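Undergrad: Sequence:
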Amino acid sequence: MEKHEKAVSAGAVRFEGLDASTPHGDGGTAYDIKNFRILADGSLERRYGFGLLTALGEELRAAKVIREGGEEVILAVAGSSLYRISLADGSLTSAVVLGTTAGRVVFFEHCGVLYLMDGAEVYRYAGGVS
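Note that our numbering gives residue 25 to position 25 of the sequence shown, counting from 1, and the numbers run on in steps of one.
Everything labelled a hint here was simulated from the structure, so no lab data went into it. One thing to keep in mind: the hints can contain errors.
What the hints assert, rightly or not - Estimated spans, in silico, between C-beta atoms of each pair:
1) Gly103 with Gly57: 14 to 22 Å
2) His110 with Ala55: 27 to 35 Å
3) Arg67 with Phe36: 25 to 33 Å
4) Arg124 with Arg104: 13 to 21 Å
5) Gly127 with Thr54: 29 to 37 Å
6) Ser43 with Ala102: 44 to 52 Å
7) Asp41 with Val97: 41 to 49 Å
8) Leu44 with Gly119: 39 to 47 Å
9) Glu71 with Phe108: 20 to 28 Å
10) Phe36 with Val96: 39 to 47 Å
11) Gly42 with Thr101: 46 to 54 Å
12) Thr100 with Arg67: 24 to 32 Å
Only a predicted model underlies this, so the values are computations on that prediction, with no experimental measurement involved. Where is the CB? At the ideal position from N, CA and C, for every residue including glycine.
Whenever a hint applies, use it, and build me the whole structure from the sequences.
TA: Right, here's the structure in full:
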């Protein structure tokens, strides 16, 4: 039986961006770059990027976006504090001080209740921490 070998070349391909003025598949660098989201109907919607919402002043240990009171908020643990951050205006509320100041924190849901573990304790979130 004859053995056939095929040389395969592998390399990294760098994404150059979407160019509004260059036809699809033209290769090369995009000069008129747009940031798009493809919608279900195939149309494009522009993404406007990211901006700083708030600064916590300590290393972020965990974060989770939840819906609370009709709005989306971020629950974030930095240092020993759990913060509630409004996505609407970036307002920051310190909810509670945890028992640890470092290490990984994990959020998880069980039976419709949100919990967090900080390596020493398990906390139940109910619009505050108990």
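Undergrad: If you check the beta carbons of His110 and Ala55, does the distance land in 27 to 35 Å?
TA: Distance hint for His110, Ala55 holds at roughly 32 Å.
Undergrad: Could you check the hint for me, namely that Gly127 and Thr54 are 29 to 37 Å apart, CB to CB?
TA: violated (20 Å)
Undergrad: Holds or violated: 25 to 33 Å for the Cβ distance of Arg67 and Phe36?
TA: Distance hint for Arg67, Phe36 holds at roughly 27 Å.
Undergrad: Given the hint of 44 to 52 Å, is the C-beta distance from Ser43 to Ala102 inside that range or not?
TA: holds (46 Å)
Undergrad: Go ahead and decide if the range 24 to 32 Å is satisfied by the Cβ distance of Thr100 to Arg67.
TA: holds (27 Å)
Undergrad: Take the C-beta atom of Phe36 and the C-beta atom of Val96, compute their distance, and say whether it sits inside 39 to 47 Å.
TA: At roughly 41 Å between Cβ atoms, Val96 and Phe36 fall inside 39 to 47 Å, so the hint holds.
Undergrad: Determine whether the Cβ-Cβ distance between Arg124 and Arg104 falls within the hinted range of 13 to 21 Å.
TA: holds (19 Å)
Undergrad: Given the hint of 20 to 28 Å, is the C-beta distance from Glu71 to Phe108 inside that range or not?
TA: holds (22 Å)
Undergrad: Do Asp41 and Val97 keep their Cβ atoms within the hinted range of 41 to 49 Å?
TA: holds (48 Å)
Undergrad: For the hint 39 to 47 Å, verify it against the beta carbon of Leu44 and that of Gly119.
TA: holds (44 Å)
Undergrad: 14 to 22 Å was suggested as the range; check whether the CB atoms of Gly103 and Gly57 agree with it.
TA: Holds, since Gly103 and Gly57 (Cβ atoms, about 18 Å apart) stay within the stated range.
Undergrad: Using the C-beta atoms of Gly42 and Thr101, is the stated range 46 to 54 Å upheld?
TA: holds (49 Å)
Checked against the numbered hints given earlier, this structure breaks only hint 5.
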